[in-house]
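Protein chains: 4
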Amino acid sequence: MFFASDNGGPVHPQVMALLAEANEGHAMPYGADALMDEVRERLRAVFEAPEAAVHLVATGTAANALALATLCNPFQTVFCAPVAHIHEDECNAPEFYTGGAKLTLVPGGDKMTPDALAAAIAREETRGVHGPQRGPVSITQATERGGVYTLDNLAALARVAKAHGLPVHMDGARFANALVRLGCTPAEMTWKLGVDALSFGGTKNGLMGVEAVIFFDPATSWEFELRRKRGAHLFSKHRYLSAQMAAYLRDDVWLTSARRANANCARLADGLARAGAEFVHAPEANMIFAAFPRRAHQRLHEAGAKYYVWEGQLEGTDPDAPLTARLVCDWSVTEDQIDRFVSLVAQG
Amino acid sequence: MFFASDNGGPVHPQVMALLAEANEGHAMPYGADALMDEVRERLRAVFEAPEAAVHLVATGTAANALALATLCNPFQTVFCAPVAHIHEDECNAPEFYTGGAKLTLVPGGDKMTPDALAAAIAREETRGVHGPQRGPVSITQATERGGVYTLDNLAALARVAKAHGLPVHMDGARFANALVRLGCTPAEMTWKLGVDALSFGGTKNGLMGVEAVIFFDPATSWEFELRRKRGAHLFSKHRYLSAQMAAYLRDDVWLTSARRANANCARLADGLARAGAEFVHAPEANMIFAAFPRRAHQRLHEAGAKYYVWEGQLEGTDPDAPLTARLVCDWSVTEDQIDRFVSLVAQG
Amino acid sequence: MFFASDNGGPVHPQVMALLAEANEGHAMPYGADALMDEVRERLRAVFEAPEAAVHLVATGTAANALALATLCNPFQTVFCAPVAHIHEDECNAPEFYTGGAKLTLVPGGDKMTPDALAAAIAREETRGVHGPQRGPVSITQATERGGVYTLDNLAALARVAKAHGLPVHMDGARFANALVRLGCTPAEMTWKLGVDALSFGGTKNGLMGVEAVIFFDPATSWEFELRRKRGAHLFSKHRYLSAQMAAYLRDDVWLTSARRANANCARLADGLARAGAEFVHAPEANMIFAAFPRRAHQRLHEAGAKYYVWEGQLEGTDPDAPLTARLVCDWSVTEDQIDRFVSLVAQG
Amino acid sequence: MFFASDNGGPVHPQVMALLAEANEGHAMPYGADALMDEVRERLRAVFEAPEAAVHLVATGTAANALALATLCNPFQTVFCAPVAHIHEDECNAPEFYTGGAKLTLVPGGDKMTPDALAAAIAREETRGVHGPQRGPVSITQATERGGVYTLDNLAALARVAKAHGLPVHMDGARFANALVRLGCTPAEMTWKLGVDALSFGGTKNGLMGVEAVIFFDPATSWEFELRRKRGAHLFSKHRYLSAQMAAYLRDDVWLTSARRANANCARLADGLARAGAEFVHAPEANMIFAAFPRRAHQRLHEAGAKYYVWEGQLEGTDPDAPLTARLVCDWSVTEDQIDRFVSLVAQG
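Sequence lines, in order, name chains L, R, Z and X. Per this note's numbering, the first sequence starts with residue 115, numbered consecutively. Per this note's numbering, the second sequence starts with residue 115, numbered consecutively. Per this note's numbering, the third sequence starts with residue 115, numbered consecutively. Per this note's numbering, the fourth sequence starts with residue 115, numbered consecutively.
Source of the hints: derived by calculation from the structure; they are not laboratory data. Note that the structure is predicted; figures quoted are calculated from it, not measured. Ideal Cβ positions, reconstructed from N, Cα and C, are used throughout, including at glycine. It is possible that part of the hints are untrue.
Unchecked claim - Just the calculated beta-carbon pair ranges, DEER-fashion:
1) Z:428 with L:233: 19 to 25 Å
2) R:134 with L:240: 37 to 43 Å
3) Z:196 with X:222: 31 to 37 Å
4) R:196 with X:432: 32 to 38 Å
5) R:278 with X:462: 39 to 45 Å
6) R:196 with L:448: 53 to 59 Å
7) R:390 with L:152: 40 to 46 Å
8) X:222 with R:426: 21 to 27 Å
9) X:164 with Z:229: 36 to 42 Å
10) L:394 with X:333: 49 to 55 Å
11) X:365 with Z:297: 20 to 26 Å
12) Z:265 with L:393: 34 to 40 Å
13) X:164 with Z:460: 45 to 51 Å
14) Z:148 with X:366: 55 to 61 Å
Claimed, not checked - To give an idea of the interface, some chain Z residues facing chain R are shown, with a C-beta separation under 7 Å as derived from the structure:
15) 130
16) 189
17) 343
Unchecked claim - Here chain R is said to cover these stretches of chain L; the calculated rule only asks that three of the stretch's residues, wherever they fall, bring their Cβ under 8 Å from a Cβ of chain R:
18) 125-138
19) 337-351
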């Protein structure tokens, strides 16, 4: 019963298979491998973007920080939600990679609103050389709280950015989970709305550790290459990154896995709802925040369930006190595990 | 016939096997996996250093740059050979990770001499606040030209550093190749001589992409962890790094592979010597620089051999002109490939 | 009628006189001038801190950014008020000088409360290696809105910082204005409360461009020297910085000037109150925020008064609409200018 | 007898006079002062560059580091002489301001040769993404050893840079000394040859602490403004920088002072030559390196002469041993002081 994160699960068997297959003989290093050509073409096709620049890195933080560094000068500021991964969970990597840019937190929850974004941007307009200059807008889809922006939401945010000439970055660590939720095309969720650069996640959805960074305008592609190398994120044995991403894209593994993760989460949410849990954020992708009594949490912990108690303390005197769990499902969670988890909560 | 680099070869089968084995169920992310415990204990045992701090990263540049950033302030300078990887092949990663420290090139070839090092350090003593302050000494073992420092060489360099209170970093991207050449223990080649931090290479010797960074004094271990995360080099699915390094250490795979790489190179060197080639650097580990006539190079290229023409141009009118090849053997090169290469040169 | 800032006024005549006097013959550069010895001794005496390290720089931003860089690692975060100069008015200089540290904005107004500070610090405790580590607390005294923390306020904030082992920086660009308001000693407002490093302002209070950075524990003094040089803030002709600061400290010029600035502001506030203006922030030092009708603003602008309309637009159709002015008095503003300004407002 | 540096002398009386004059009433801060308009127009006229962007900073290191940061990406390298101030005397400020760019030292002495520069640039061409990319060429005129490049020398260097599309920076801390030596126009020594950005020195030639940074193509002017502010080098009371530079340019104070400094140095060199001294570098501007016996040095030191013994130790047993002095003349050195210095050497 592992619901701590979608980064705790195994690698998809088709990925392991292609890694094994790719492990034949010698290959040119540093991205000159044949599988990278396949990856590039597949991603361009998936995104209907035949000119897009495609790069692979091994961590989501690298994807975000390098993408932002390419879009943002050190005297600028990045607009993002207060709970954005780039702000909360990257130990200042964006500040490091951009050479000291700032992050401006747009007031609100996990989903920025166009009005709040517009106000935050307007506020940074008034101080000339004294304040940081306005830089990229970074949108997380799906969000850090498991939410999914609608296409209208995204389009409205991008319009605000574009009205000020600001580039738009999408942190898509859970891109696939959002995409299958919305049922739209990758192009519709990105460049057709105004997204300039995308961190296209794979690690949380069945890879060992690969994310693509996609620039829909390839003009800064070479700069990205240099920043990736300077950041020590260029792999010599690059074929093993390529193989992961190629397997991910072949046979729609990425979509199938995301559908399964979302379905797992929906099953969990349904079960917990029936068991009386209350949801802080409505379930939209593969992550939920559910409140239920402390005694149920204690029961789960005794049974070895892994997840984060997000609000409240497991230890405490009031067995009825509601504690909030963050529960994340990856593609590999089984229905048995979900049902067992639910039944432990349902015991009251 | 792939002699372009030791980063073009396949992953060792025992590594692939443990990756597959590790791919069962869920594991705690970010280094809290059980295999990391094994790696830490094995490396401490191998180095006879029960307190050493052990961290894994995925690229050699990350290992070097993060190790140096931990040892070096931004107003200092790192002493290294002019051909050091950290100077020539990391696109300013050390400057980036240290926050703008300088690299002082110690005049000479691929092996620094104690006298040249002492003179370079002395030269940085005279300018007070105006010049950079003296920082770590970084030694590459084996060197970028395939050379191996003797233990006496290393000890003398470390003594110079220590006389000025400077920390010593060893870039051990080819640590194993040097070690088996010298036939000493890992401790003898590192902390017993005064090495403070080691980039312990794995990628060039059969891994997919893992290097360990070892601090023999663990005091800065937490700082390293933060710098690694900030540099986007902390893997969520860390177990796959751990598995590679664990397989590398089990059954002496790392030593066996290095011995084989060195033996391959010796066989190649012997053959080329018989074929009349001349060596720029004497063969000591798994890399040689050999000069032979242009027509032999052209013959090799037609046959699909992969390697770098280090000096001279493949195209040219004088078929007898000697061009220098850089030839690197990894563990996976076969005797057949070597012999075929030699025979193509030997045709005159 | 110049109330736009306290950086628009002339240099105090005693400062000009000492600059002229210091301009005799040659002097050793880079801080080895005799006047710097005087400055060091005077500041140590003023602060009852015989061991304190004293350094001069030419801008307030340099003082803050270099002080913070000395106190803060790049993987940490600085706690400050949302309106802090270091956040709003330094174009990412703290991020630049610290190598990419973050600024955590403590919710609230210009004065941080101990509770809000404690909550902000607590919030940064929970994410291990993922979030930035907790770094210095930076307190602005007097604040960016003209407020003055009481000694109790300051002590309570410092206690929160110290409870977490965090260093305390005070941005004292208007240190003298706060000090004379409180009527305490410099020691009481700084190290006796727990302040570790102080940006001791001079520029806004009659100097041409000099601020002192004082570390009450001199252990990091040499690091500061190196960071100052690296930041290009070490003056070769340092005697002209020393002369300014020496003149400032001689004959209590700094205190007399601050008293005069505060008195000017009080006179202005009294006059505006009588004229019906309303104050957003109660006048405490030399800066006020006063709301009065648009037509009075228009009258002032026609008369050439210089100040910022902080809220609202000068142009507009409703002459009665209240607009907020930010009004800052330096030591050189005359009673005539103040009275003329007030009379223009009082005309209704 | 102060020959330690040209940064030890007093401020020119016409500069002091204009500072006093500028100290009337209030002025708009941050460069919006009227004297800055005068400075801008005067420099554009002096350089026959009506579109040039002109900025003032207070230190030569700031001028160089900010100019280079504007011209150079963090993944590039700056080409300069091994003795360049930016390499030897700025404590890594260029590395800091550029965000971690490298400096490539062009082999040779204080004057780069076009061949050596071309070879150094060619060498950085071969490593693709692995090495740093080629960035600006920085030329020091006059050099750190008192040399002056001819216009032909400069043109040849610039041609090499331009052949590779690289921008050219001139470190003109002693620009005026070189200019009056060559007897050419400022335009001829800069943009007509291909110089893109100039650090136009004032501090060593009679100012308190002001240098101009001039971009002949103003496209990056706003970026420079932001980098200057972020580097904490924007002065609030900017009028005092403007006043210095305005006085410097009025009445050709800058040229007259430089001529006097050079004439002082020539008189010193002539006297020393007659006294038997030998010159390491031929005197060309206002700095010489002269070797004469230890006993003469000891005599000078007893008499209070200030200068650096560049090679050799003042203390020693052989009174005849030749030690090399670095001797720098500023505009304020008197003939009496020079003659007294010479006579002390001439005593044998």
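Of all the hints given earlier, name the ones this structure violates by number, lowest first. 2, 3, 9, 11, 12, 14 and 15
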